[in-house]
Each structure stands twice: as structure tokens, then as C-alpha cells.
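Participant: Okay, here's what each chain looks like letter by letter:
Protein chains: 2
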Amino acid sequence: MSRSNLKALVFDAYGTLFDVHSVAELCDELWPGRGAALSQLWRAKQLEYTWLRSLMRRYADFSRVTGDALDYACAALALPLDDARRWRLLSAYRELALFPDARGALAALKASKIRLAILSNGSPAMLRPLVEHAGLGGLIGTVLSVHSRKIYKPAPTVYRLAVERLRAPARSIGFVSSNGWDACGAKSFGFRTFWINRADAPVDALGAAPDHVIRSLDELPGLIRVPVS
Amino acid sequence: MSRSNLKALVFDAYGTLFDVHSVAELCDELWPGRGAALSQLWRAKQLEYTWLRSLMRRYADFSRVTGDALDYACAALALPLDDARRWRLLSAYRELALFPDARGALAALKASKIRLAILSNGSPAMLRPLVEHAGLGGLIGTVLSVHSRKIYKPAPTVYRLAVERLRAPARSIGFVSSNGWDACGAKSFGFRTFWINRADAPVDALGAAPDHVIRSLDELPGLIRVPVS
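As you go down the protein sequences, you meet chains A and B in turn. Be aware that the first sequence starts at 59, since it is given in the numbering used here, and climbs by one per residue. Be aware that the second sequence starts at 59, since it is given in the numbering used here, and climbs by one per residue.
None of these hints come from the bench; they were simulated from the model. Take these hints with a grain of salt, some might be off.
Which copy is meant is left open, so a pair is good if it fits within one copy or across any two.
Claimed, not checked - Within a straight-line C-alpha distance of at most 20 Å, the following computed SDA-like cross-link-like pairs (lysine to any residue) qualify:
1) 208 - 223
2) 208 - 266
3) 208 - 271
4) 65 - 169
5) 171 - 196
6) 168 - 183
7) 208 - 265
Since the model is a prediction, treat every value here as computed from it, not as a measurement.
Based on the sequences and whatever the hints tell you, model everything.
Facilitator: Shown next, in the form of C-alpha cells:
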């Protein structure tokens with residue numbers, strides 16, 4: 059399989075570069091013993107709400123959806139959420155931890171001269187502090203948000219944003235996500251896709267399987283060869 | 059609040075009239091002790107796939123999606139699924155149990171002369187045996203499937219199907235679902251909505267809350283008054 063024609067790599071942010079469950083520790087501090095359950099339900103509802111609002115044509119930005127999902131998860135788990143706790147949890151979402159394998163992989167890829175970008179469900183106001191807090195500004199050249207399209211992944215128009223803004227055809231763009239459904243959505247659109255299967259999960263049956271399935275971002279630089287210019 | 063102008067009531071099928079978790083018993087017979095976990099994940103993935111395929115514009119009919127979700131759930135839970143077990147489980151999905159409160163409520167509503175319909179994600183080939191097996195043919199006048207729209211709930215075009223086929227404006231149609239997100243989607247479209255909150259769950263935060271929240275279909279006939287003709 060030829061891998062030599064990739065001009066850019068586009069990364070998902072939440073769950074791929076940034077560990078959404080790094081908030082579990084704070085959740086557990088606020089409600090001892092319930093942190094993992096809250097973090098899991100919060101994330102599940104957050105994604106569900108992005109899909110449902112997209113289908114209902116009721117887009118609201120990702121910070122709103124993230125807050126709504128937190129409210130739901132706390133109510134469902136009978137965890138009392140006051141304004142102070144809500145503020146702390148949503149603030150933590152702007153400073154999510156980078157996965158341990160992310161910085162090294164991005165640095166190696168950057169050194170190989172391939173263009174690096176982020177394409178995320180996050181609104182620009184959420185992504186900016188996240189990328190800054192992790193110190194990724196020098197590694198990632200372009201940060202794209204679904205916000206201008208007013209619909210969430212895996213709608214094709216979102217992936218098309220990368221084609222337009224990077225001025226490169228879909229076939230020359232590699233898309234990297236740890237979210238299996240996002241990797242399928244990107245493959246369905248036409249990108250060469252790399253699914254970082256951190257949890258050793260089955261491939262989602264969505265009619266478009268990822269091209270590459272790897273366990274860690276560490277494996278990515280070895281799979282990518284850039285065109286000789 | 060005036061409730062006197064409803065001309066028709068449209069019911070969701072899976073989870074509202076029919077208990078999707080009535081397959082849990084068979085699941086448990088096939089994999090002792092794992093039935094509830096399999097049934098929960100199977101249903102969660104089934105819904106997730108309807109939303110994702112709709113957004114990806116890769117519609118596949120509900121029997122395909124239901125089979126795909128079963129495959130995923132068994133793989134994720136490390137439950138070996140052979141052809142015979144798969145066939146038994148998917149056959150059981152065509153004979154799901156009616157909820158105990160469904161028949162009485164439908165009969166009372168039918169006696170009050172309001173028109174009754176089903177609007178379901180199920181394909182016609184799945185819905186026909188389901189309605190027949192439960193003996194609902196004499197109670198439900200119209201069975202509508204998303205299949206002709208090639209997209210799933212909560213896309214507005216699906217709810218519009220009921221307006222077109224029942225030849226009644228959205229404001230004179232009541233929509234009944236036990237799926238909170240479906241009740242929100244129907245409300246967002248413009249129906250008067252009744253959420254049968256069987257599990258005492260929080261209302262989903264999707265920008266369109268159901269008009270009525272009740273615990274059982276038993277409460278529905280008392281809420282409905284039909285126009286005097």
C-alpha cells in the first residue's frame with residue numbers, strides 16, 4: 059500500500075490528542091467513588107447530544123453541549139451539581155491532559171515536514187485554551203472547528219472543511235482519530251484514516267472501516283512517509 | 059392547556075409499545091449471566107448506528123443496523139456469536155413483547171375515536187411481523203417507517219412523514235415516545251409530545267422539551283380529549 063502521497067495529517071482533538079477522562083480525577087474529588095461513572099456518562103451524553111442536535115438541526119456550540127451533558131449526567135447519577143462545581147468541571151475541560159503518546163508523535167511528524175492540523179467538534183473558544191495549555195501551538199499549524207458549519211461530525215461537510223482549508227484533495231489527507239465512529243466517518247468521506255484503538259474495541263460496523271488500526275500514536279510516524287519535494 | 063384539538067396520536071414502536079429488552083431473557087439463556095449487559099449494549103449501539111449512519115448519509119435499513127449492532131455488542135463483550143445464535147436473536151427482535159400498559163391504552167384511545175398510528179425506525183419488513191405478532195392490526199390504522207426517507211429519527215423529514223400521510227398539521231398530531239431523545243425530536247419538529255418516562259430519567263437537554271412527561275401509557279387516555287365532530 060502506498061503511503062507516500064499524504065500531504066497533511068488531520069487529528070481529532072477530544073479523545074485522540076486530549077484525554078477527556080482526565081476530568082475523572084476532579085469528578086472523583088467532588089463525588090468520591092463516582093468519578094469514573096460520571097466521566098463516562100458525561101462523555102457518552104456529550105457525543106449523543108452532538109449527533110442528535112445535528113440531526114434535529116438544532117446546533118449549539120460544543121461548550122453548551124458539554125455543559126448540558128454534564129447537567130444530565132449529574133442528574134441521572136443523583137450527584138448534586140452546584141454552580142461552583144459546574145464551573146470547576148467545565149474549566150477543567152479547557153485544560154484536559156494531553157495523552158502521553160501525543161507530543162512525541164506530533165514532534166516526529168512535524169520533523170518529517172508533513173502538515174499537521176486539528177479538526178474538532180470543539181468551538182474555537184474551547185480549542186484555543188486547550189491547545190495553548192498543552193503547548194501545541196508550535197506543532198499544529200491549523201486548528202479547524204466544526205463551528206463554522208453548525209453541524210457536528212460525522213457529517214461530511216465537516217470533513218470537507220479540512221479539504222478546503224488545507225487546499226489539498228481528500229486522498230492526500232490522512233485523518234487520525236481514537237473515536238472509532240469518527241475514523242469511520244472520515245473514511246466514508248474519503249480520507250485515508252488511522253484509528254488509534256486505545257481501548258482495543260471492535261471496529262464499528264458503519265459501512266466504512268478505517269484503513270489503519272493502531273494502538274498508540276507512537277506507531278503513527280512509522281506509517282507515514284511524506285512526498286519528496 | 060387545551061388538548062382538544064388532537065386529531066391523531068403517533069406512537070414510536072421500539073421501546074414505547076414494544077419492549078426491546080424482552081430479548082434479554084434469550085440473551086441470558088445463550089450466555090448465562092450476560093443477558094442484561096448484552097441487551098443494553100445491543101440497543102445502545104443500534105441507536106448510535108442509526109444516528110451516525112444518518113449523519114454520514116450511509117443509510118442502511120433497521121434490520122441491517124440491528125444485526126450490525128448485535129455483532130458489535132457480542133464482540134465487545136467477548137460473547138461468541140455463531141450463525142444459529144444470531145438467527146435466533148434477530149428472529150426474537152421480530153416478536154418483541156408488547157409492554158403490559160400498551161394494549162389497554164391503545165384500546166381506550168381507539169374507543170375515543172382518535173386516529174392511531176406508528177412512526178418507527180423499523181423497516182416495513184420488520185414492523186409487519188411485530189405488529190401482527192402483538193395483534194395490534196385492529197387498533198393501529200397506519201404504520202409508517204423511516205425507510206422511505208432513507209434517514210433515521212430525529213431528522214425532521216421523518217416526522218414530516220406523519221404530517222403528510224395522516225394529512226393533518228403537526229399541531230394537531232400528538233407524538234408518543236418512551237425514548238427521551240425521540241420525544242425531543244418530535245417536539246422540535248412541532249408535534250405535541252408525550253414522553254413516557256418509564257425509567258424516571260432526566261429530560262434530555264436538546265433545546266426542545268416534551269410537553270407532557272408521564273410514567274406509563276396508562277396515563278395517556280386521560281390526557282387526551284378528542285374534538286367533538
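Participant: Each hint: holds or not?
Facilitator: So, going through the hints one by one against the coordinates:
no.	hint	result
1	208 - 223	within (16 Å within a copy, 31 Å between copies)
2	208 - 266	between (24 Å within a copy, 18 Å between copies)
3	208 - 271	neither (30 Å within a copy, 30 Å between copies)
4	65 - 169	within (14 Å within a copy, 67 Å between copies)
5	171 - 196	within (13 Å within a copy, 69 Å between copies)
6	168 - 183	neither (25 Å within a copy, 53 Å between copies)
7	208 - 265	between (25 Å within a copy, 15 Å between copies)
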